[in-house]
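J.: Each chain is listed here by its residues.
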Amino acid sequence: MATSKTPNAAAPSAAEAVAPAVLRRAHFLMHLSRAWDSRFEAMARVGRIGRWYSAVGNECTTIGTALALGAGDALSTVHRDLGAVLTTYLDATRLAPTLFDAADATAWDALRPDPSALLDRLASQVFGRREGFTRGVDRSFHYGLLRPEWGIRHVGMISHLGSMIPVASGLALAAVQDHTDRVALGFIGEGATSQGDFHEALNFAGVMKLPLILVVENNQYAFSTPLSEQYACARLSDRAAGYGIAGETVDGLDFEAVHVAMRAAVARARAGDGATLLECMLPRMRGHAEGDGSYELIPPAEREGYLAMDPLPRFEARLAALGLADAARCAKVQETAKAIIEDAVERAIVGADPSLDEALRPVFAPGEVAEAFARMSTEVFDG
Amino acid sequence: MAETTYLDAIRRALGEEMERDAGVFLMGQDIAAFGGAFRASKGLYEKFGRLRVINTPLMESGAIGAALGAALAGHRPVLEMQFADFVSCGFNQIVNNVAKTYYRWEAPVPMVIRLPFGGGAGAGPFHSQSPEAWFAHTPGLCVVAPSTPRDALGMLKSAIRDPNPVIFLEHRFLYRREKEELPEGDVLTPLGKARVVRSGTDVTVLSWSWTLHESLAAADELAKDGVSVEVIDLRTLSPLDEETIFASVRKTSKVLVVHEATLTAGFGAELAARVGEQCVEWLDGPVRRVAYADRPSPYNKKLEQRLLPGRERITRALRALARY
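Going line by line, the protein sequences match chains A and B.
Per my numbering, residue 80 is the first one in the first sequence, and the count goes up by one each step.
Per my numbering, residue 12 is the first one in the second sequence, and the count goes up by one each step.
Calculated from the structure, these hints are not laboratory results.
Do not take every clue at face value.
[Said to hold, decoys possible] Computed, partial: chain B to chain A, Cβ under 10 angstroms: (1) G34; (2) R63; (3) A78; (4) N107; (5) K111; (6) T112; (7) W116; (8) K204; (9) P250; (10) Q289.
For every residue, glycine included, the Cβ atom is placed at its ideal position computed from N, Cα and C.
Make the full structure from the sequences, and use the hints.
T.: Okay, here's the thing in structure tokens:
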């Protein structure tokens with residue numbers, strides 16, 4: 080019979096210390112994510128892009144969890160998980176060589192492609208450009224990137240948020256069927272935990288002992304709906320017991336706490352001990368989408384409290400305490416990240432739009448079904 | 012040689028494809044040791060084990076979403092919905108996630124969703140529906156409905172090998188009633204190809220699955236009146252084999268569409284529209300439809316029979332059409 084394991088969320092012990100190389104990489108990735116958000120928030124404010132869903136405040140959670148993955152592990156993201164996407168895609172040491180030593184490069188980095196080119200594609204994707212992952216057919220993080228030779232197996236979202244949780248469970252199922260120790264990391268906001276797919280997927284993961292880690296980014300509001308109108312349990316991680324899986328709630332602003340909890344969850348998953356529901360508590364530092372009015376609904380004092388919880392200064396204070404980054408290093412990391420993002424965004428802004436033919440590209444992968452579709456008089460839609 | 016039933020043909024297809032490709036696996040409710048509500052997978056659990064014949068909890072959306080994840084990981088899931096009616100619980104995963112993935116970011120989704128469907132058993136409103144039009148309306152799904160054991164075998168094997176999601180409609184009334192001798196070896200039926208089952212010159216019937224057999228019986232009746240009916244088994248509804256349909260219409264100039272699904276906005280409407288758009292100068296009469304009445308399926312068998320589009324109603328419609 081499955082037993083629920085609920086490790087407490089105490090501060091990392093000495094034995095659980097996070098390696099300096101991981102902390103240095105996290106520092107750069109956090110600034111990269113923040114610089115990206117700052118740039119797109121600014122563009123959303125002046126109407127240069129239609130919508131932006133900011134990940135400001137989520138960086139310790141997205142990067143702290145994704146840094147516990149290895150090459151070939153699967154990643155399923157929704158719309159505030161830029162940090163996890165950057166962490167998974169990029170050889171940070173090659174993207175910012177002035178910030179890292181050769182020893183900071185990992186075995187996974189050796190598999191990863193040119194990080195600058197991937198960042199350009201990501202920026203083009205957000206702008207709906209030809210060089211984006213969907214070539215203009217779908218928006219922002221609504222795509223996947225399956226390149227096992229790069230160690231990258233990423234499945235993006237559809238707008239029906241809870242729908243991706245079963246997909247993440249299927250990625251975990253495939254790892255079991257292949258007799259590997261790969262795991263799947265899925266992200267979801269607390270809003271989607273009210274949907275049926277959350278229940279079906281976690282129940283299935285419990286029954287099948289799937290190597291799935293579902294991270295709930297609990298940022299207090301689903302669009303405009305506060306937690307009090309979303310669920311009546313004390314902690315969402317308490318639901319894990321009902322599925323016979325491990326559950327834990329951590330401070331999503333504490334990089335080390337997140338990373339240590341995720342490492343433990345990954346170790347359980349790799350060992351065949353099943354899934355984990357990892358709830359990361361986050362402040363609501365931005366509205367649902369920029370400029371949609373949802374942030375203004377939150378009482379000002381509550382908002383100011385959230386904004387004061389910015390995880391970046393806290394993380395940098397911790398790095399300073401550990402002797403890993405002084406003020407000069409922090410400024411250099413921030414400036415380097417900002418310049419990299421600025422370059423990628425500028426290139427995407429002037430990038431070409433997709434060919435109009437993309438709108439009528441095939442709905443079927445090549446084969447006899449695709450051939451039969453091509454023979455149809457489907458184009459009578461023009462009358 | 013022994014005859015193979017439609018149901019045995021499904022089981023043979025599953026077994027052969029699982030044997031051929033280690034990535035093929037089955038998911039569904041009660042499909043493992045029990046073999047499924049209709050026993051379509053009977054014996055496969057013992058042969059292929061728990062990671063390839065997966066009993067799921069009672070869920071549809073969660074199973075279809077998990078199958079999508081496994082398909083994106085390079086596997087080939089074959090899902091069984093216990094009854095086609097229950098696929099509505101997984102509708103969102105099919106129409107938004109599964110169907111749109113290839114168009115959006117060009118990841119192939121090799122997946123088959125088997126739907127035991129249809130009426131005639133007095134099974135009531137929730138075990139009798141014919142849901143093909145729900146899915147034929149969604150770009151990115153291949154929708155098939157074989158009517159014979161041979162096509163059940165050949166089309167299921169083709170569907171499992173195809174890199175696209177296939178909605179595979181199996182008529183539960185045909186499972187044990189239809190049987191024929193099947194060849195040994197690798198029997199494949201191409202997807203996207205209709206079949207002229209009976210050649211004729213006066214009227215074309217377009218049908219599939221159970222109503223295909225009723226249409227053939229009606230064609231026998233019309234032959235006694237000296238009316239020559241051509242009967243086409245569409246087999247694949249989407250993508251549609253217009254070439255075979257239009258060639259027949261140009262020959263007979265009259266078209267009757269027969270399907271078991273309810274009439275309004277049924278797939279027959281699409282067929283009538285396409286024939287009207289592409290063949291109007293060849294038509295000598297209206298494109299007519301015989302379908303289920305626009306009602307849920309009643310439980311009492313006599314009530315159900317009143318609404319089912321059986322051979323008598325098809326015969327009457329053919330006679331009326333022949334008079335034009």
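J.: Against each hint, give a clear statement of whether it holds in the structure.
T.: Now for the hints, and whether the structure bears them out:
1. A cut of 10 angstroms between beta carbons decides the hint on G34(B): the least distance to chain A is about 8 angstroms, and the hint holds.
2. Contact between R63(B) and chain A, as hinted, is supported at the beta carbon level, the nearest pair being about 7 angstroms apart and thus within 10 angstroms.
3. Interface hint status for A78(B): upheld, as the beta-carbon distance to the closest one in chain A is roughly 6 angstroms, under 10 angstroms.
4. A cut of 10 angstroms between beta carbons decides the hint on N107(B): the least distance to chain A is about 6 angstroms, and the hint holds.
5. Interface restraint check for K111(B): the shortest CB-CB distance to chain A comes to about 7 angstroms, inside 10 angstroms, so the restraint holds.
6. Contact between T112(B) and chain A, as hinted, is supported at the beta carbon level, the nearest pair being about 8 angstroms apart and thus within 10 angstroms.
7. For W116(B), the interface hint holds, since its Cβ comes within 10 angstroms of a Cβ in chain A; the closest pair sits about 4 angstroms apart.
8. Because the smallest distance between the Cβ of K204(B) and any Cβ of chain A comes to about 7 angstroms, under 10 angstroms, the interface hint for this residue holds.
9. For the restraint placing P250(B) at the interface with chain A, the shortest Cβ-Cβ distance is roughly 4 angstroms, inside the 10 angstroms limit, so the hint holds.
10. Contact between Q289(B) and chain A, as hinted, is supported at the beta carbon level, the nearest pair being about 6 angstroms apart and thus within 10 angstroms.
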